[in-house]
Amino acid sequence: MGILEFHDVGMDYGQVKALQHVDLAVESGEWLSIMGPSGSGKTTLMNIIGCMDRATSGRVVLDGEDLSKLGSRGLTAIRRDKVGLIFQQFHLAAYLTALENVVLAQYYHSLPDRDEALAALDRVGLADRARHLPGQLSGGEQQRVCIARALINHPKILLADEPTGNLDEANEKLVMDILRRLHAEGGTIVTVTHSRAVGRQADRILMLEHGRVARTVPGGEHQHQHHHRHHPLAGDPPPAEG
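Sequential numbering of the sequence shown, starting at 0, is according to numbering that gives the first Met the number 0.
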C-alpha cells in the first residue's frame, strides 16, 4: 500500500474543474515529480497533498488516514505531523534567525529543541549561518533553511513546490543534492516543478494536462539506491561522506 493514494479525485472551484478523475499512488521511499503547463492542476494537487485544501470528490489517503473524512483541524494536524513543506517563496519570518525559523516549525508540533534544529541546519550545510536573519542570507541559503524547517518534524512525505524556482544554477545544484541525499536514505519526496532538470531527478514523472493525469513516465537521472530502508527524514545523521 502506498504512503499516498488518490482515488478518483476531483477538485472544483465553482464552474472550474481544477482536477478530474485523478488516480495516483506514491510508495514509501519514492520520488515523484508532478509536471505540466500552467493551469494544469499542479498547484491544486499540491495543496491537496499538503492538506491545505480538501478535494471536492474522491478519496485521498495519506499514511493510512482518509483525508476526505477530516475537518480543517484534522487536516492541520496531519499537515503538521506528516508533511514537510518546502515553498518556492521561502515563507521565512524576517525578524527571526535561521535557527529560530526552524525552531518555530517545531514549536507548533512539539517541544522546541534548539539542538535538534541546529542539527537540521547542519544537514543542509548551514550550521554556521544559524544566527543570521533571512535578509542576511542568499536565496539559496534561505531555501536550505526551508528544507531544514521541513525536516524538523520528521515528516512521512516531503512536498516541494518549485524548490529551485528562485535560485541560480549553483544554488539549484546545492538544493537538488540535498533532496537526492534524502531520497537515497529512503525519503518519500513529491516535487511540483516546471523544470525538466528537476523533474528528471525523480523516479517517476506525473504529467498533468487540464486537471487530468495525461501520462506517467520514468524519471531516472540518478540511479536510485534503496539500501537505507530506515526512515531517513527522522533526523538520523546522514551517512558519512567518502
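I should point out that these hints are in silico values taken from the structure, not numbers from a laboratory.
You may find that some hints are simply not true.
To be verified - With a Cα cut of at most 27 Å, we get these calculated DSS-like pairs of lysine-lysine:
id, residue 1, residue 2
1, LYS172, LYS68
2, LYS68, LYS16
3, LYS155, LYS172
4, LYS81, LYS68
5, LYS155, LYS68
Computed from a prediction, not measured in an experiment: that's the story for all the values here.
Okay, the hints, checked on the actual structure:
Restraint check: the Cα-Cα separation between LYS172 and LYS68 comes to about 40 Å, which exceeds 27 Å; the hinted pair is violated. About 21 Å separates the Cα atoms of LYS68 and LYS16, which keeps this hinted pair within 27 Å; it holds. A threshold of 27 Å between alpha carbons decides the hint, and for LYS155 with LYS172 the separation of about 24 Å falls inside it, so the pair holds. Of the pairs offered as hints, the one joining LYS81 and LYS68 holds, with about 17 Å between alpha carbons and a cut-off of 27 Å not exceeded.
The straight-line distance between the Cα atoms of LYS155 and LYS68 is roughly 20 Å, inside the 27 Å bound, and the hint therefore holds.
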